[in-house]
Structures are given as structure tokens and as C-alpha cells.
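Protein chains in written order, with my numbering: chain A, 1 to 468; chain B, 1001 to 1316; chain C, 2001 to 2423.
Simulated from the structure, these hints should not be mistaken for laboratory data.
Glycine residues also receive a C-beta, built at the ideal position from the N, C-alpha and C atoms.
Check before you lean on any hint, since a few could be wrong.
Said to hold, decoys possible - Here chain A is said to cover these stretches of chain B; the calculated rule only asks that three of the stretch's residues, wherever they fall, bring their Cβ under 8 angstroms from a Cβ of chain A: (1) 1238-1247; (2) 1272-1279.
Said to hold, decoys possible - Going by beta-carbon spacing under 8 angstroms, a handful of chain B positions derived as facing chain C: (3) ILE1035; (4) PRO1119; (5) PRO1304.
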Amino acid sequence: MILGGSVTTVARQAEKGETRMTKVSRWPKPLMLLAALSLVAAACGDDDDSETAETSGGATTEAPVETTADTTAPETTEAPVETTADTSAGTTEASVATTAECPDGDSVPVAVPYEANQPAGENWRLGLEMAVAEINDAGGILGCQIVPEFQDTQADPDVSKQVVADMAEGSPYVFLGTVFSSNTIVNMVEAQRAEIPMFVGAEAPAITNREENGDNDFIYRTSFGVDTAAAKFIDYIVDQGVTSVDMIYKNDEFGAGGRDAYAAAFDEVGIAIQLDIQVQPDQIDLSSEVAQLAGGEADAIFAFMTEIETAAFLDEVQAQALEKPIYGGDVLSAASTIALVQPGAADGTQTHAGLNASAPVFADWKEAYAAFHPSANPPDHNSIKGYTAVYIVKEITERIGSFDNSQFSDQLHCATITVDDEPGVLLDVSYDANGDIDRESYIVGVVNGVGEIVATVPPLGNLADRGC
Amino acid sequence: MSTFVQISFSGLATGAIFALAAVGFALLWQTAGAINFAHGEFIALPAVIMLILGEQRPTVGVPEWVPLVGGTEVGGPLPEIGIVAAFVVTIPIAVLLLGYVFKVSLVDRLLTPGGDDIPLVIATIGLGLVIREYLRVEFGATPQQFPSVFGTEVWRPGRIAISVDDVGILVVSVAVILALQLYLRRTYTGWQMEAAAQSPNTARVLGIPVGRMILYTFGINAVLVTVAALLVTPTTNARWDGGISLGLFAFTAAIIGGFNQVRGALFGGFLVGLLQNWSGYYLSSAYRDALPLLLMILVILWRPQGLFGIAEERTI
Amino acid sequence: MSTVTSAPAGLGDGQDTVTAVERGAVSWRLVVAAVVATALVVTLPVGRSQFAGIMWLWALALVGIVGCNLLVPLSSWTGIVVKWMTLAGCLAFLVVFPIGRSDSTLLDLGLFAVFGIVCIGTNLVHGFAGKVSLAQAGFLGIGAYVSVLLDDGREVAIGGMSTTLPNVPFLLAIAIAGLTSMVFSVLIGFPALRVQGPWLAFVTLAFNLLVFLVLNNEEGLTGGSRGIRIPRDDVDVFGIDLFPSRNYYYFCLVFLVAAVAVVWWIVRSPWGRAFKALRDNPARAASLGVDIRTYTLLAFSIGAGLAGVAGALYARLIEFVDPRGFYIGQSFDFFLATVVGGLGTLVGPLIGVSFITVLTDRLRVAGDYYRVWFGLFVVVMMLVAPKGVAGSFNLLRARIQKRLHKRLQSRLRQRRRGTRETP
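Build out the structure end to end from the sequences listed, making use of the hints.
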């Protein structure tokens, strides 16, 4: 071992050796195992306790039902669901006489697993909080106050699975989250097994692909899948006379997913992909990548990265004076990205934005958002996703007429919610039979550091082709 | 050719960032035997403090609990003093928190002479977690833009582009590291510190105040991380998890360059920055981080004193 | 410190004849107490209709077991009875506890079992062989991906060549996963294990990063950053369907118990003694003829193999693999768990794992700051108990027994004086 001071090291080594020689290693310490297990048990026990406490604290008549149901719950995954269904059926029957039809006292519990440590998750939560506050102020859903429970998934797939499984036990009315595709792909299984509807901000195509998601009736997007976005953007790119592109994308599930979807779309319309460059997560120096792009011969550049890398990329493009049209996903022209780049670096980029806060339709909403969250960053597409998710839940619940979440898929699949029905959805939105959405979207170009709407892309309107 | 110059220059600038981050890490390891796995967070924290003091953005404001302690609420909101003044104010804060408090509360208790260094490593991993997660909860997960002291201008001599910020980082980091090297090698205090680091017992016998010398080291490290934060953050942005990747490349740079020389961190940083950009351009951008890592493994296995370090006797 | 630690050994050796009578009475009561307490602990958590009173009784029983273990010298026969009682109780607890529990609890327990296997491996490398490895998550990842790739006749392409992998039964896939990790560990360990301490840590860290890069970039082989979904519903072993969470948890538990048994056996075998000699003083061990290189490599590769097996189990537990799950952060977690639990003890890693899986999961109710609390917990743990939970428990036991021993001796002395005086 080489340390700065080798003498110290030797001395330390020698002493270490001595102390260890005298130490009698005794095994086993079984009790420590027990202590560990007790920790496990105590923790789980606590959980159970709190549940019991909750139920007993809430509607008293329900408590025994749920507890017994839970105790006898067989090991199958369907159990909690059946229980919920039973109880809620029982409750509704019982409560016909009374007027209370809320799932829990006078409130409706909503589970929000989200990536607290990521900008996307944070904005999702902020938008969601705003919608919840608005709805609760206006009397709630069917007279019931929404009580969201926020839980951090650390953007880690196995933690998110744990979190969702955990929350599913509390039988929330719906799940609102998660935003990361890699998380959602893992945790949506838990919501599906518990038969609780789940609204996600994730955009990976696989999430709503019935062949890949095990015929999941309980998953609903709040924004376009990236494949839908690509289908909507591609015509515009073709119209710009682009015949070949160089792609640059972040080498993680988000960037690679976007790259795949757009590559397929480019392929379909005959746009050749020349360079295919990856950017590493947290990479701060993109000069070699931009130099490669500068040497490329393609007509345009297509970029699909998250905020940090996009900002570094745009700065480097500006520094190297690369004069090519740059297209990309929502992030490229999002306010959160523009806030990070050098003045003018984002100008001239064009993106397809499913939900871009700079679109005029969102102007009022944006003001309300700034008033509601005075110290937050400007809202981005994830804030709008979180916001509209709550209103979609509200509208669908009102259409069902009760808090029966087993009817969600019947009610929501192939449904259209217009702004007249529910102003909170901000834009007319339709769902297909897989939980994918269709709505108007925008081509946004950045001019003088502000995203401006270049063109409006009408809804695809092909719900009939998509199982409806 | 211009491309080669371009990416090499950028690589050097990025390397200077790594070097600045690495030098404090190397210094602590060399002089106090303390491996600080929270070093990346030690750079992220002053950056946020500077933003709070300097700009008073609504998103990065004074945390709610601070007025309770400092009573700033009485005097109204803090003035916007700009980032340079904030840097000056932050230095004593950093020296106190990341230097003195860190040394007294953790290092002194966990790094007893002849003891195991693992508890300190674990404690710094825990400390890094605390700093990171605190920053996230307090200021949010969204990265914040950080103003550059050198401005955003770009020079274009010929076909290459040189940003003033990059030049500034290069010049300052080389100057800082060389100054530190000279200080350690050419001043009396520097000699005392070096002696205290190389052999504390002998140094004690010779009448060198070893404890105070180690305290100086922690103070210098705190100043270094603050300087690093000022120069690095315009590139990396102020964010809660900025310390992770920065810390990682700082370790890599410090090891490749060699620990027992302050200048080793500088050359190691340059080498890492250059290798990344060269392999990113000429080989594959997917594996741009792989080459420095491979080099680090090779260096540890065959030249543990680092490429630019001085060989010392080696214990198995 | 060293005198304290060595005290009970003396206690066991010299004083047996003197204290046999005295200890018999005390120990008999202790054994009964331990039996009752263990039985309570094992049976009480069954069923979910717990109320506060029972929880208190349960906690009391736990304290009882801890107390019995603190009071009984390990070398005495009562010590052995209490020890095995407690051990059997723990196992029974792990088996009984999941009955009637929900899926999320089973997922917690499953992660506990899987990461437990990894940390037992980490502990073998670090706690017994004295080498810091920060590549355990890399080996976990290698194991996970190998098992996933071998499940379904997948087509893979790497470096322009493509081939179809065979569909291998799950048990065999687990074995292959473990072996592959071992092979990689030998490849990296053979050159790397000559360096020590922090240097080895950095080499293994770099290796883990390289594994991550390969998993993330070789899309033809691993599917890249998008990960692979791998539902458990097609897995059965010996006709037992592993799809239900409880079955799968028991399946993982079997491997955990096997891992503990393997390490227990290794530590007791001549190998284990060589390991310990090596950790305590490599130079001395070398001079006594221990082949350092081979033995450390052996420990390193067994640790990696355990991580590989755990990886195969992990993939089916989460039903998804992606490279980010095997990033260095995970390695730091394993390292942290092992040290906080107690290096060089058999159960220490399991305690540590319960911290990083169950404790962090349950801490989430503490609100936004829960990760901060966890970090502070780790820092404070290192300040008050740098030897980890198990190590500190040993020190505590040694101190208590030293004190007990003194009191016993003085009482005996008094009695002897008394018997001398009576006639």
C-alpha cells in the first residue's frame, strides 16, 4: 500500500496486525441475526399496526371487515383486490341509505409514487399538488377530498416496485406515477396485480404494448408514448426537406427509448440516419460528440437527451458554431433546459412538444402555476402531465358516478374528454384501447430564449385503428 | 486537425475541472490519511451556498431554518451581492463547516493512529448521502444554472472555438495547483505540513505541531473545494447529485496522476479529460469513460505511485 | 480493547472447575428464559391482528433473547444450547413470519434474502480475507444478466456475431450465473489482489463501472439501458411453481441459508483459518506458508460467486433487469451494510442488509428527509460503533462477562473463606 507517508502506513499496518491477532473471533452471534430479523418484523409489524390504526380510526364499520379479510387473505396476488372490491361493494350497499360514498371517510386516497430525486418526478409532483388543491377547494371529486400520499422511488426500479407494492396494500383509488419508463415498466405489474388504475408520465412504447405488458388494462398514459410523438413529428421534419439526420441521444433508458422510436419513424419515411452518437449520463464535455456532428454530412441533427446533457450539447453547438437545424424531443425546447443554457444557445431548435408550457393554451395555467408555487422552477411538460392526470381521474370518476375503480378501463378506454367536459384537462384528450392518448400537439421553436409555437399538429384521430 | 485541436482543448479544460476537484481529495489522503468519499458533495455544497448568497433566486433561497439561527429575517431579505462577493463570503463558511467541523467531528474521532480506515470511509459515504439528500429536499431535484465569473464569450481563432470560461478554468486551476505545490515545497509551513504527513511521529519529535498542520490541511482543502465549486459549477450546473460523477472522475484523475504529488492531480485530470474526448471522437462515444478507467486499473496494478508521482517504498 | 476481547477466552479456560456449580444454576434458568423468549418471538408475529400489548410482549421476548446471549459465556454448554436455540429460532422466524403477510412484505423479505447472500459474500472477502471489494454489484449484475439470457432461447449479437442461447432450467441457470461471476472475479482478481486496501477498492470500483458500461452499451447482448423484463410466471423448480411471492421468498431463503452454511463451513475449515491468518497479518501468514495469492483469490471468487447466484435470484424477484441496478451505488450499499452490520461476523452482514433494505424502506414514512436520516444513522453508527452492530455486541458481551466473572470470583472467594471458617 502506498500512502503519502509510507512510514505511517507501515506503523499502522503493524499495529493493525497486533490488535487483530489478539482478537478472538467468536461465532456465531445468532442473536444479532435475530435482532436483524426483529427489525424486519418490527418494521413490518409497524406497518400492519398503522393499517389497523388507520382503519379503526376511519369508518368504524369497515374496520373489522378489512382486517379479517386481510388476515385470511390467501397468498395469491389477487387477494387485496378482491378484498377491496368486496369491501367497497359492501360499503356502497351499506351506504346507500347514507350519502357518504367516499372510499375512506370523506376522502379518497390516491397513491403517488414518484421520482423525488429527478426533475421529471419533482415537476410531476408539483403539477399534481396544484390540481389536487384546486379540486379540493372546489369540493373534491364527487364531494370527496383527494388525499394524495407521496412516496419517493429514488428513480430506482426495485425501490419503485417495493413502493408500489407497498402502497397497493393500502388500496388507493388510483396510482398517479411514475414518470421514469424503467421504473414504470417494473412497478406497473404491481398495480396491475392489485387491479388499481395507474396513470403514468412514462413514455416508453412498451408500457402500453399489450403484447409486452401482459394485457394490462390498468395502465394509462398522461402524455404521448414516444412512438406516437415520433409519428406526429415526422411529417413536419419531412416537410422541412430533411432527407438525412445525425442522431445524438443520452445513453440511458430515456434517450435510447426515444432514439429507437424516432429511428423507426425516420426509417419509415426514408430519412437516412447517418451518425448515431451516444452521450453518457452526466457528461459535461460534449465537444468530441459535437465535433463528430460537425463533420457529419446529414441535413439535420436529431437530439434526444435530458436537461443537463441537452444544455451542455446546445452550449457546445453554439461554441463550435454548428449551423444545422436541430430537432428533438420535448426536453430540447423545455423551459427547464432553456434555463440552463447560455443566452441564445437554444435558439433555432425545433421540437415536437406534446405538452409545452409555452403554448398559448397553457398561458393562463402557467400563471396560476406560478402563483401556486411561487418558489418553484418554471413548469415543464411533466408538470402538465401531473396536473392533467388528476383532472382525468376526476372526470372519469364523475362519469362512473362512484368510486368503483374496476370500471375505470371500461370508462376510460376509447373515451374522449374535452375541455368543455372538464377544463382541467387543458386540451381535449382521447384514450385508445391500450391506455395511449391522442390529442393536439405542437411544434415548438425557440426564438430569443423563448419557446414559440411554430405549428399545431392535429390529433392523429386513428382511435378506430387502435382497438376502438 | 482543427477538430483535434478543438477536442484536445476542450479535454484540457474538462481535465482542469477534474484536477481542481481531485487536488483536495489527494491532499487529504496524502496528509491526513483520510479518504473522503463525500468529496464530490463537498464541491456541490459551496456551490449552492454561493447561489443562495449571490443571487437570491426564488428557487434557491435561504432555507427556512436559517433565519431562526442567524436572525436574517429581522433585516429583511439578503441583498444580491453577486457571485464573486458570495465566493468571498463562502470561503470562511466552508473552512468552518467542511474544514474544521468535518475534521473535529468525524476525522479526529474515526481516524485514530494505527486504527482501521474503513469506519471513516463508511462515515464519509454516509455524510455524502446526507449532504446530497439534504440539498435535494431543500432546493429540489432540478439543476440550477450557475453564472460563470469569466463570462460566456467565445473566441474563434481560425476554425476552432475557445470559450473564455474554459481558458479561465485552465489558467486558474493550473495557477492554484502550482501555487499549492510551491507552498508545500518552498515555505517553512509547507515543509512542516509535508513532514507531518510523511511521518507524524518523527515530526512530533522534531517539534512540529502535527495536529495544527493537519488542521491547516483541512482548511486548505475547504478553500480548494470552494474554488473548485466556483469554477466547475458553471459547467456542471448546481444540482444535488452533481458530486457523484465529479467525485468519480476526481478519484480517477488523482489516482492516475499520483497521490503523493499535488501536481499529479493536475496531470491526471488533464489526461482523463483528453482521453475521454479522444476516445469519444476516435473510438466510440459509448465507451468514452472506459479508457480512463482501464488506465486507472493499469496504473494501480503497475505503477501505484501514479504516472506523475514519485516512487516510494511499497508495502504489500 | 484487545484485553477486553480476550477476557472471555480466559474465562472459559481457567475457571471451569471453580464455577461449574455456580454457573449451572444460573445457566439453567437462562436456557429456560431463552427457550420461552424464542418461542414467543417465533410465534407471535403470525397473523396480523396484533395489538400494542402483544407487540410489547414480543419486544420483551426479544430483549430476553438478547439478554440471554449477553449473559451466557459461549464456551459453556448452556452457551451452546442458547446459541443453537437462538439460531434455530431465527430460522423458524424467517420461515414462519411470512405466513399471512402481503406481497410487499414478501418483496422486502425477498430483497433481504437476496442482498443478504451478496453481503455474506462481501463479508467473506472483506471481513475474513481482509480485502475491500467494491465490485459486488458488478458481480450481481453479471449473475443477473447471465440467468436472464439463458432463460428463453434469446438471440444475442455481440461484435457482429449473433447466436441463439439455449434455454436452460432455472436451477442450472443460477449455477451458471454463479460460475460466470466466479470466472470474471478470477480474471480481475488474479492481477488485482496483489494491491491492498483502498487501491484494491479502486480497482474493483473501476471494474464495476466497466461492467456497467458493457451492460449499458452492448445492446445486442443485454438490451442496453432499456433493460429486460423477465416475468417469473414460467419458473418452476421440482414441480413447485415459483410465481407466488411466498414460494419465491422461500426459494431465496433456501439459498440464503445455504450461503450462511457455506461461509460458516469455510470459516471453520482450514481454509478459514488461513483466511483469518491472512487478514490479521499477511506477512506472518506468508512466513507460515499460507499461499496468500491463492487464498485471497479463493475468498474473492467465492464472494463473487455468491453475488452471481444472488443476481440470478434478484432478476426473478424484481422481474426486471437494467444496468442501473448494478451501478457502483449498489456496491457502496453492500459495502456499507457489511461494515455497519459487523465485519468478520457471520450474522453482521444480515443485520446490515436489513438496514439497507427494510430500514430504508420503512423509513420512507418519515417524510422527505428519510434519506437524510438514513445517512445520519450511518454516520452516527460509525461514531458510536465503528465495529458494526455485531462487533459492538461482541465487545459489550465481553465487557459484561468480564464484570460477571469478577463478581462470581469475589463471591466464590467469600464462600471459600466461609467454608474455611465454619469448621
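Hint-by-hint comparison with the structure:
1. 1238-1247: holds (count 5)
2. 1272-1279: holds (count 4)
3. ILE1035: 6 angstroms, holds
4. PRO1119: 4 angstroms, holds
5. PRO1304: 6 angstroms, holds
Going down the numbered hints, you'll see the structure goes against none, and every one checks out.
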